[in-house]
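Mapped onto my numbering, the consecutive letters of the sequence shown carry residue numbers -3 to 326.
If you're looking for bench data, these hints aren't it; they were derived computationally from the structure.
Hints may be right or wrong, so weigh each one.
[Claimed, not checked] Calculated lysine-lysine pairs in the DSS-like style (CA-CA distance at most 25 angstroms, straight line):
| id | residue 1 | residue 2 |
| --- | --- | --- |
| 1 | Lys173 | Lys217 |
| 2 | Lys173 | Lys234 |
| 3 | Lys234 | Lys126 |
| 4 | Lys126 | Lys173 |
| 5 | Lys67 | Lys173 |
| 6 | Lys226 | Lys173 |
| 7 | Lys264 | Lys230 |
| 8 | Lys217 | Lys230 |
| 9 | Lys113 | Lys126 |
| 10 | Lys67 | Lys148 |
| 11 | Lys148 | Lys58 |
| 12 | Lys264 | Lys234 |
| 13 | Lys230 | Lys148 |
| 14 | Lys129 | Lys217 |
| 15 | Lys217 | Lys148 |
As the structure is a prediction and not an experimental result, all values here were calculated from the model.
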Amino acid sequence: MPSSPITASPMLSVIIPVYNEEESIQPLCQDLLAVLESIGMSYEVILINDGSFDRSQEQLRKVAAEHDHFKVIRFRRNFGQTAAIMAGIQYAQGEIIIPMDSDRQNDPRDIPRLLSKLDEGYDLVSGWRKVRKDNPLIRTLPSRMANWLISKISGVHLHDYGCTIKAYRRSVIHGVKLYGEMHRFIPIYAHWMGALVTELEVTHYPREFGRSKYGLNRIVKVILDLMVIKFLDKYFVKPIYLFGGFGLLALFFSGISAVSAVYLKLFKDVSFISTPLPLAAVMTFMIGIMAILLGLVAEMLVRTYFESQGRTTYLVQETINVSLPVDEKP
């Protein structure tokens, strides 16, 4: 099938991280090409080889040689799915970005449905694998528990944060930096920026080749990353509220411990050295002071971050009959 002519700026960018998927690459690209050609929208496909040690790079070279729309980025070593998606976003030129898996468990035919959902006025459409074809004990059950926890903590209620196939408008992920396993939290970032987020049921196929690259250890990583997300949501701009609050709580317990030790000494004739309360008072006092000082240092770092980069603590969606701020006028 002939490819559509390449435009300077494609409207659609499909991002596919690849890690040891030599058997899947050719059939995936064939299916993807058929779908993208039928849409009638200018496109590019960015395949990121995340340090594969099988014949994946050889297969990627063949695909790129046959179709100019397919672009290949090769990492020097394995950096993980989040880093691969981050690289794809940075290299993508499209106004709409759709990441998907390379193991053929995502269906390229869901792409037109995602685009149609975006046309309804949404900024981000997240895939929902309502009927999963994975091991129910090792993959599905932990995933459902993680999705429930993420939804409760973040306030963004989605059924399937772990589903790779999503559709973003470039504007809602502009400037987003991803680390760890945080690619699954992009809907949360987008929601913070005022984006309209929804989800759409997508098809999920059983894995045909190889084996899953993820295990139960990913749950620990997700929980730790979720703690970072919650901190960035609530305390990034005012870290003193977290560190200072913890410090004041520690000082409170220090005071309680000290008063209790003095009471026991004066009224119960209990020696200071026979109870751990004096030591607890000193330790919690030191912890409280250090936490407050750490909060003050964090406050200075936050101000340096915003002021050195000319960033603001707010985002403006629209203005009417309003002049530019003085420091932004030419």
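Any of the earlier hints contradicted here, and which numbers? Of the numbered hints given earlier, those the structure breaks are 3, 4, 7, 10, 11 and 12, listed in rising order.
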